[in-house]
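> Residues per chain, in single letters:
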Amino acid sequence: MSDSASPPNKHDFKTPILQGLSAAWPICLGYIPIGLAFGVLAQKAGIHPIEIMLMSILVFAGSSQFIAVSMLSTGAGAVSIIITTFAVNLRHLLMSSSLAVFLGNTTRKKLSLFAYGVTDESFAVNHTRFSRNNWSLDRALVVNHTANIAWIVSSVIGGYSGQFIHEGAFGIDYALTAMFICLLIFQLKGRFYVITAVIAGVVAVILSLIIPGSSYIVLASIFAATTVLGIKKWLLR
Amino acid sequence: MAVTIIHQKVVWVILGMGLVTYVPRWFPLMLLSRRNLPQWLVEWLDLIPAAILSALLLPELVTKGMPRHMSLWQPELWVALPTFIFALKTKSLGGTVVIGMALFWLAQSII
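Those sequence lines, one after another, are chains X and C. Last residue of the first sequence? That's 237 in this note's numbering, and every number before it is there in order. Last residue of the second sequence? That's 111 in this note's numbering, and every number before it is there in order.
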């Protein structure tokens with residue numbers, strides 16, 4: 001990618017912001033329609049825009065927010081909503097573990113701030129760049145918080161006004177899918193990665209058909225990575 | 001009708017959701033970032049992104065509905081193929097997003 005070719009330059013503090021922004025814009029593009037849709041849905045479920053804002057700030061995890069709103073509107077209990085949220089967002093445990101490898105030289109404060117912004121999308125964008133050795137925690141923080149702002153603002157706008165963007169306009173609903181396609185290709189750095197992706201994808205499809213909820217993501221990922229690591233160790237013995 | 005009061009239950013739900021979402025994001029960073037991890041764990045974690053991205057992506061392309069069922073004749077899947085080739089050839093994230101959106105828009109307007 002041309003926009004990330006230059007290595008970090010410590011003498012220029014504009015660079016982290018600009019590089020962070022240039023990495024973050026595809027995420028923002030994807031978050032806007034989803035945030036708007038979430039706001040609209042939440043408002044229809046009787047949730048006040050201030051509560052929508054509070055949720056987008058404190059939770060910042062799209063799919064679990066959708067699920068929580070639909071559970072609230074059916075009168076589900078607080079504890080069952082919170083347990084469901086925990087289960088849906090447990091996949092971040094794997095993402096943060098995978099990112100931790102790159103984040104040895106930093107303070108706990110900064111790590112705690114970074115943890116807040118770990119989403120499927122920011123994880124994929126930041127991990128790709130960390131693994132190419134041309135990324136820093138500051139740049140990653142810019143990515144996380146730019147995406148965070150896009151999420152909060154679009155969900156609140158959705159909550160106040162209904163949809164501004166006509167549904168399906170410009171194919172914007174496909175933005176995150178297209179982004180994941182490209183980020184997946186960046187991760188296919190050799191045959192073992194390809195095998196991992198194939199196993200994870202196929203197992204995820206099968207599990208998603210037979211078990212309700214989103215636990216298929218974590219289960220398929222752990223299964224694929226463990227299987228391929230096993231194959232690798234066995235082959236290289 | 002817009003509800004003008006803040007519900008106490010909703011606030012508690014949000015606080016609880018925030019806590020159980022933050023801890024899994026925070027805990028591994030605190031636990032793993034400042035120590036030397038065994039080689040097998042580093043290799044395992046290195047495979048996780050490819051696994052997660054594929055596990056997130058593929059079900060979106062070939063299934064739909066609640067509960068999910070197979071759906072191979074949907075634009076999500078058929079737009080993914082040229083988008084995949086474009087991404088493979090150009091390695092451009094921004095370009096792939098724009099091309100994917102354009103093709104999906106086109107596919108939806110045809111159907």
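Just so you know, these hints were derived from the structure itself, not from any lab. There may be inaccurate statements among the hints.
List time: in silico BS3-like cross-link candidates among lysine-lysine, alpha-carbon distance up to 27 Å [stated by the list, open to error]: (1) C:89 - X:44; (2) X:109 - C:89; (3) X:44 - X:109; (4) C:9 - X:189; (5) X:14 - C:9; (6) X:44 - C:91.
Sample of chain X residues facing chain C (criterion: CB under 10 Å; computed from the structure) [to be verified]: (7) 17; (8) 18; (9) 90; (10) 100; (11) 112.
The C-beta atom is built at its ideal place from N, Cα and C for all residues, glycine as well.
> Each hint needs a verdict: does it hold in this structure or not?
To see whether the hints hold, each was checked on the structure:
Proximity of residue 89 (chain C) to residue 44 (chain X) is assessed by CA-CA distance (about 43 Å); at most 27 Å being required, the pair is judged violated. Restraint check for residue 109 (chain X) and residue 89 (chain C): the C-alpha separation of about 40 Å exceeds 27 Å, so the hint is violated. In summary, the hint linking residue 44 (chain X) to residue 109 (chain X) is not supported, as the alpha carbons are separated by about 38 Å, beyond the 27 Å threshold. At most 27 Å may separate the alpha-carbon atoms for a hinted pair to count; residue 9 (chain C) and residue 189 (chain X) exceed this at roughly 47 Å.
With a C-alpha separation of about 43 Å, the suggested pairing of residue 14 (chain X) with residue 9 (chain C) is violated against the 27 Å cut-off. This hinted pair does not check out: residue 44 (chain X) and residue 91 (chain C) have alpha carbons roughly 41 Å apart, beyond 27 Å. Given hint, residue 17 (chain X) at the interface with chain C, is violated; its Cβ is 18 Å from that chain's nearest Cβ, farther than 10 Å. Residue-level restraint check for residue 18 (chain X) is violated (minimum Cβ-Cβ distance to chain C is 14 Å; threshold 10 Å).
Given hint, residue 90 (chain X) at the interface with chain C, holds; its Cβ is 6 Å from that chain's nearest Cβ, closer than 10 Å. Look at residue 100 (chain X): its Cβ gets to within about 4 Å of chain C, closer than 10 Å, so that hint holds up. A distance limit of 10 Å between C-beta atoms decides the matter here; for residue 112 (chain X) the minimum to chain C is near 6 Å, and the interface restraint holds.
When the structure is compared with the earlier hints, violations turn up for hints 1, 2, 3, 4, 5, 6, 7 and 8 and for no others.
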